[in-house]
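*Asks:* Please work from the sequences and hints to get the whole structure.
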Amino acid sequence: MNCRSEVLEVTVEARQVEEAMLALLHTILLHRSSGKFHYKKEGTYSIGTVGTLDIDCDFIDFTFVRVSSEELDRVIRKAVSEFKDALSNSGSDGMGQISLEFYQKKKSRWPFSDECIPWEVWSIKVNVVNLANEQERQICREKVGEKLGEKVINVVEVINRHEYLPKMPTQSEVDNVFDTSLKDVQPYLYKITYQITDSLGTSVSTTMRRLIKDTLAL
Amino acid sequence: MAHFDTEYQRLEASYSDSPPGEENPLMHVPEGAKSQWHHIENLDLFFQRVYNLHQKNGFTCMLLGEIFELVQLLFVVGFTVFLANCVDYDILFANKFVNHTDSSKVTLPDAFLPVDVCSARIRDNAFVIFVLIISGVFWLHRLVKFIYNVCCYWEIRAFYINALKMTMSELPYATWQEVQARIVEIQKEHQICIHKKELTELDIYHRILRFKNYMVAMVNKSLLPVRFRLPGLEESVFYTRGLKYNFELIFFWGPGSLFENEWSLKPEYKRGGNRLELADRLASRILWIGIANLLLCPVILVWQILYAFFSYTEVIKREPGSLGARCWSLYGRCYLRHFNELDHELMSRLSKGYKPASKYMNCFLSPLLTVVAKNVAFFAGSLLAVLIALTIYDEDVLSVEHVLSSITLLGVCITVCRSFIPDKHMVFCPEQLLRVILAHIHYMPDHWQGNAHKYETRDQFSQLFQYKAVFILEELISPVVTPIILIFCLRRKSLEIIDFFRNFTVEVVGVGDTCSFAQMDIRQHGHPAWMSAGKTEASIYQQAEDGKTELSLMHFAITNPQWQPPQETTHFISQLKERVHREAAGASSDTHPLSLSESEPRSLVANLLAGPSTLTSIHFGHDSSLTNQAGLSDGASALRSLSPNSGSLHLRGSLNAAHTSTMSKAMAGSGTDARTVSSGSSAWEGQLTSLVLSEYASTEMSIHALYMHELHKQQSHGELSRHTWHRQDSDESSDSIPDEVRSEPNPRHFPRSHTFPTTVPSPSAIPTSASCMSSTTLGQEGAASNRIGQQGFTNSSSDSFGARGRVVKSARGVPMGGWAEEGQAARRHHETLPEESSEDDMPPHIHKIT
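Read top to bottom, the protein sequences are chains A and B.
FYI, the working numbering numbers position 82 of the first sequence as 82, with every residue one higher than the one before it.
FYI, the working numbering numbers position 639 of the second sequence as 639, with every residue one higher than the one before it.
Relax, there's no trap hidden among the hints.
If the Cβ cut is set under 10 Å, some of the chain A residues that face chain B in the computed set are:
{"no.": "1", "residue": "Q104"}
{"no.": "2", "residue": "I117"}
{"no.": "3", "residue": "P169"}
{"no.": "4", "residue": "T170"}
Please keep in mind that the hints were generated in silico from the structure rather than gathered at the bench.
No residue lacks a Cβ here, since even glycine has one placed at the ideal position from N, Cα and C.
*Replies:* This is the structure in structure tokens:
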């Protein structure tokens with residue numbers, strides 16, 4: 001695929017899943033968001049401001065920074081809690097993966113629908129462990145905090161590299177690159193998906209789609 | 001935050017009239033997406049389409065071609081059904097009389113059955129309906145495919161016009177290398193691939209040929225069950241289109257295949273942990289696909305006939321040689337293909353080899369058959385002559401029953417017989433022919449050299465170069481045989497296949513998972529007997545057979561002069577080029593063939609180059625004492641003249657004169673690096689130059705291939721045959737080469753091959769005369785010890801092949817990969833290269849590879 005992919009792996013306790021995921025997703029989105037664009041007549045634009053917010057975690061010794069946009073937070077929280085529920089319902093050994101995919105849209109002609117072409121995918125692999133007693137939980141609390149700190153630095157390093165980013169769009173194309181539905185912040189178009197380990201194989205529908213596509217190909 | 005935002009907006013609105021200086025620091029100018037070509041999702045497909053459109057000569061050609069194919073299909077099916085059901089043959093054969101009122105003549109429409117009778121006959125015939133349904137589905141499939149393709153290729157067309165700045169009308173005359181250079185160029189501007197700033201030629205090739213490279217590697221490592229030893233018969237090869245399709249279905253794209261998508265292998269196949277389980281799964285999948293094949297057998301058969309009909313017409317269009325009685329078999333194409341060789345490159349190579357190959361096969365006409373055929377032809381001919389003579393005298397003879405048909409039959413009979421009678425002017429010199437073939441096809445098993453005159457060699461060669469009739473027959477029985485092969489042969493290999501994909505897949509940034517052989521890394525996959533001694537670290541399992549890695553590397557470097565290989569590889573290439581160059585230099589200074597035959601065997605290649613150089617110097621008016629390059633280029637042009645389409649040699653000769661400077665530069669790419677070649681002639685410069693260069697490239701590759709084979713042979717034979725070298729000279733007359741031809745090159749006034757292409761087999765016209773003899777000598781001595789390879793060889797003739805001494809050492813010093821060592825089980829982190837993590841995981845249990 002023509003996109004970068006980064007993998008982060010964390011091992012946490014069940015109750016820490018939500019916060020850990022929020023911390024990582026928000027960290028990435030913080031760097032992949034900008035202020036709202038305001039286009040001027042001459043084809044130029046100015047960028048609105050973005051505020052940041054420190055969030056303290058309850059179950060982890062960790063504080064992370066996120067964009068101070070309640071709307072964005074709500075969307076992320078919803079996705080993460082779905083993931084958490086699915087993970088706890090799966091009943092198995094508790095492995096899962098949540099991916100944050102940045103994409104851009106490409107307009108196609110009539111017979112095809114718009115293509116969503118990802119350019120960067122962050123996959124966070126979660127490994128849930130069960131701990132026996134309170135003391136271990138304390139240790140885990142600190143250790144997970146440290147680990148998350150490392151991951152955040154990792155993320156920043158990756159993002160600091162000079163690599164492909166979609167070009168800044170003109171007014172008519174802004175919807176193809178940025179998510180403009182939020183009032184106060186404008187992240188790159190993104191998509192959050194998750195998988196629980198059992199279903200890691202390719203689904204039937206993708207196979208069928210590929211089969212049809214392949215038969216059609218020259 | 002929302003609060004701030006709204007405030008900003010209001011401020012902005014109120015200050016809209018303010019002087020611009022204040023606002024400017026905050027203003028941005030959007031770059032916009034100027035082109036739609038940045039960041040293409042599926043680059044594999046994209047490059048494949050770009051290549052296809054180039055090969056099909058542009059959009060209009062492709063469109064028209066496809067439309068006509070659709071119409072053709074309708075016509076063929078409709079016409080066949082009509083002929084079978086709607087024609088009253090009794091009327092046509094005048095067994096039944098029609099009573100006409102006005103005239104006694106029978107007209108064509110009289111023979112047609114009325115519509116209602118006709119449709120009733122069709123309706124009653126279940127088989128016809130079955131065929132009609134299948135061909136209907138087939139046609140619809142093609143129609144949908146056609147519409148889909150038109151949409152996709154319209155986009156590619158726009159890419160050519162807008163991004164590559166090539167119009168469709170100039171596309172047929174642009175080489176692929178030119179197109180490729182432009183793609184590399186626009187990557188810098190548009191970033192089609194987001195992983196890297198710059199694309200290399202190898203990236204593009206990898207993407208286009210990802211799966212083909214895997215297939216070539218699997219055939220090379222004898223992994224695919226395509227060779228069979230039937231009881232009572234010799235080893236035979238069965239590899240048909242249907243089988244190939246099934247292999248691809250299983251490995252690459254079918255449901256549950258090993259690949260997740262076009263560019264990546266499924267992660268579980270990259271880890272060795274559960275290889276047994278994966279092998280089981282693969283085996284059961286193969287079983288199911290085999291059973292499905294068996295059930296669908298009749299459908300596939302009809303489909304196959306239709307498909308064969310159409311792809312056959314396409315093959316004829318593409319490949320001029322295919323009209324002859326023979327063709328390169330599917331297996332041959334796989335066996336002879338280099339890694340990273342595009343279709344058109346392979347095709348042109350094989351087409352060039354077609355003439356000598358069919359000549360070689362014709363050498364082996366059975367004398368018994370010849371005698372019979374001669375006599376049958378005689379009798380048939382005399383009958384025919386009488387009939388024709390009578391007809392000329394009075395054409396009423398034709399109306400006598402069966403006279404016309406017997407004339408036709410006799411004609412056919414004579415034609416068939418004639419194909420069994422060898423050309424009167426043909427001389428039996430298989431060794432030379434085989435060498436000329438080798439110059440084009442670049443690969444052959446070791447034991448062929450020196451055994452070219454034997455029937456076994458011929459039989460084995462016929463596996464690569466089969467009768468077209470056999471080809472079609474195999475295609476037809478394929479639906480029945482394919483499931484058997486899948487169920488009984490391929491299934492047994494499932495574990496090896498799993499191991500193969502794990503061990504030989506590397507993830508390349510910006511390309512995805514590719515076959516590691518296709519990286520053409522001498523260090524990883526070189527074969528010590530093929531000049532990479534001392535450089536390779538490959539275990540036997542990792543070595544590519546037949547010098548595939550080395551030859552592919554040379555081929556790729558020569559066809560893509562702009563490509564910048566990694567450091568070691570550059571070293572290898574320049575070293576090899578230098579050697580070939582030096583050999584040529586030695587040749588031009590040392591023009592007396594007699595002295596050559598007494599010198600070291602290494603000068604065989606020199607001889608190969610020197611022989612024609614003296615000849616061509618006469619022809620092209622070159623001063624033979626010019627420079628080394630001249631000698632080499634002359635050798636090259638002589639070699640080129642061996643190619644079947646030598647009709648245009650005059651043109652090329654003049655080109656040669658005009659471009660000697662470019663040429664010599666190209667040929668002398670040795671000392672410096674390969675890039676100097678391109679510096680004089682970047683693909684942008686002009687079509688002529690690039691075309692000329694690409695033609696020379698194939699010649700240069702031929703020389704390199706011959707040289708590498710020669711060296712390989714010497715390495716394998718070693719000292720052993722050296723002692724008997726001179727003594728054997730006297731026996732050479734068996735090769736029907738008159739001594740004086742060998743000893744005095746200058747007064748040769750034989751017609752050269754390019755003036756009279758039909759006389760090519762006359763030994764003098766072939767530059768290999770002397771080297772051919774020597775190889776027979778070697779062959780007679782060393783046939784038994786053919787594959788003693790590196791071990792049997794101790795440093796023999798020193799000087800120019802310093803590398804050879806190191807061979808023995810490197811054979812032992814294999815790295816940890818493959819099955820050389822058991823369980824270095826440390827499984828690495830998932831993100832490491834799959835090659836590394838996999839190779840130590842689990843040694844595959846393959847013990848017999850050659």
